[in-house]
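Chains A and B, in that order, are what the protein sequence lines are. The first sequence begins at 1 in this note's numbering and counts up by one. The second sequence begins at 101 in this note's numbering and counts up by one.
Hints should not be assumed to be uniformly reliable.
Using C-beta positions, here's what the derived DEER-type ranges look like [unchecked claim]:
1. A:60 / B:166: 32 to 42 Å
2. A:9 / B:169: 28 to 38 Å
3. B:169 / A:43: 44 to 54 Å
4. B:166 / A:42: 20 to 30 Å
5. A:83 / B:158: 24 to 34 Å
6. A:20 / B:171: 26 to 36 Å
7. A:4 / B:147: 33 to 43 Å
Treat the hints as calculated values from the structure; they're not laboratory data. This structure is a prediction, so every number in the text was calculated from the model and none was measured. Ideal placement from N, C-alpha and C gives every residue a C-beta, glycine not left out.
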Amino acid sequence: MTERTITRADLADALYKHLGLSRSESADLVELVLNTMTDQIVAGNTVKISGFGAFEVRQKGERIGRNPKTGVEVPITPRKVLTFRASHLLKEKMNKSS
Amino acid sequence: MTKSELVQKLAEANPHLYLRDVEKIVDTVFDEIVSALGRGDRVELRGFGAFSVKERAARKGRNPRTGETVQVEAKRMPFFKTGKELRDRLNGK
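In isolation and in its complexed conformation, chain A is listed as follows (with noise of 0.2 Å):
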């Protein structure tokens, strides 16, 4: 099995392929899917698709790290990370023997 990576051009491609529109217009569209969704997660919102998974912000508090280099302690400011949890939909098929 040969790997791939699939990019927004890959994306926008399906929706030319399936859905006939023009090739601008599925670029834009692409885009426009991703924007909204980072507008939510920036916001501080969930975003839930069903059948694919959920992503969540998280906020965390400040903790001491320590530069595996030098050795050097150095406190980890407090910040937001972003989580991906995927549906069992998601993960079904990606473990089906194909």
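Starting from the known structure of chain A, arrange chain B on it as the hints suggest.
Same frame as chain A, but now just chain B:
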């Protein structure tokens, strides 16, 4: 935000498209990502993030209630790494 709310928002931004077409657009995008991961491919969306497949080896597990040993099959798990741009935006950079 749920998928139907996403569809709603996209439809508002695209008044020339029917709602059912916007639904198809959103479904097609996510179906494409799901099939890619199903094939073991990686999906890289610059600025947003990347989905990849991690292989988990088979292992012996234990039923925590009974202490019984059970065989856990090898499996593939999806893994998401947030893109740099989105990570920076989350933290107000």
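Right, here's what the structure says about each hint:
The beta-carbon spacing between residue 60 (chain A) and residue 166 (chain B), approximately 36 Å, falls within the hinted interval of 32 to 42 Å. The beta-carbon spacing between residue 9 (chain A) and residue 169 (chain B), approximately 48 Å, falls outside the hinted interval of 28 to 38 Å. As the Cβ distance of residue 169 (chain B) to residue 43 (chain A) is approximately 47 Å, the hint placing it in 44 to 54 Å holds. For the hinted restraint 20 to 30 Å between residue 166 (chain B) and residue 42 (chain A), the CB-CB distance of approximately 46 Å leaves it violated.
Range check, residue 83 (chain A) to residue 158 (chain B): about 26 Å between beta-carbon atoms, so the 24 to 34 Å window is met. One distance hint, 26 to 36 Å for the beta-carbon pair residue 20 (chain A) and residue 171 (chain B), is violated here, with the actual separation near 48 Å. Between residue 4 (chain A) and residue 147 (chain B) the beta carbons are some 20 Å apart, a value that contradicts the proposed interval 33 to 43 Å.
Going down the numbered hints, you'll see the structure goes against 2, 4, 6 and 7, while the others check out.
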